[in-house]
Amino acid sequence: MARILGVDIPRNKVMRVALTSIYGVGPTVALTALSKANIDSNKSSNDLTEEEIQTIRKILEEDFNVEGDLRREVGLNIKRLKDMGCYRGVRHRRSLPVRGQRTHTNARTRKGPSVSIAGKKSIKSLK
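Numbers 33 to 159, taken from this note's numbering, label the letters of the sequence shown in order.
There's no promise every hint is true.
Taking lysine to aspartate or glutamate and the EDC-like style, the derived pairs with C-alpha atoms no more than 16 Å apart in a straight line are [as the list claims (entries may be wrong)]:
(1) Lys45 <-> Asp72
(2) Lys68 <-> Asp101
(3) Lys68 <-> Glu93
(4) Lys68 <-> Glu83
(5) Lys90 <-> Glu105
(6) Lys68 <-> Asp40
(7) Lys75 <-> Glu93
(8) Lys45 <-> Asp79
These are calculated hints, taken from the structure and not from any lab test.
Put together the whole structure using the sequences plus the hints.
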């Protein structure tokens, strides 16, 4: 199994698909990196030589912002918004949707599981 930028590339996959397992590498970046490395995009990840792996790694490190550097950059951007106190930063701080989605219903992924009100009487006790 090949390792590129600390990520294990999946076996038995076409290289243009296998490279997308790296954070920050989508289909377009994968095709661009493979074309710069002069590697067929339909080549299987099992068939890569060590030299080809090194050229892909070198191209991704030099030309694109991926993995640890990209995660750090995104984290710093969110921290900057929080410190600034702008609307998007406040939404990040409160773990609410940032891009204008509704929260009256839905947004359970961002808000977490719904919590019932502790002091509220049940309907059966009112009867």
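Hints and how they fare:
1. Among the hinted pairs, Lys45 with Asp72 is consistent with the structure: their alpha-carbon atoms are about 13 Å apart, no more than 16 Å.
2. Using a Cα cut-off of 16 Å, the hinted pair Lys68 and Asp101 is violated, with the two alpha carbons roughly 21 Å apart.
3. Under the criterion of a C-alpha separation no larger than 16 Å, the hint pairing Lys68 with Glu93 is consistent with the structure, at around 13 Å.
4. Restraint check for Lys68 and Glu83: the C-alpha separation of about 14 Å stays at or below 16 Å, so the hint holds.
5. Between Lys90 and Glu105 the alpha-carbon distance is near 20 Å, which puts this suggested pair outside the 16 Å criterion.
6. Taking the CA atoms of Lys68 and Asp40, the gap is near 21 Å; set against the 16 Å cutoff, the hint is violated.
7. Pair hint Lys75 plus Glu93 does not hold up; C-alpha atoms about 21 Å apart against a cutoff of 16 Å.
8. Distance check on the hinted pair: Lys45 and Asp79 sit about 10 Å apart at the alpha-carbon level, within 16 Å; holds.
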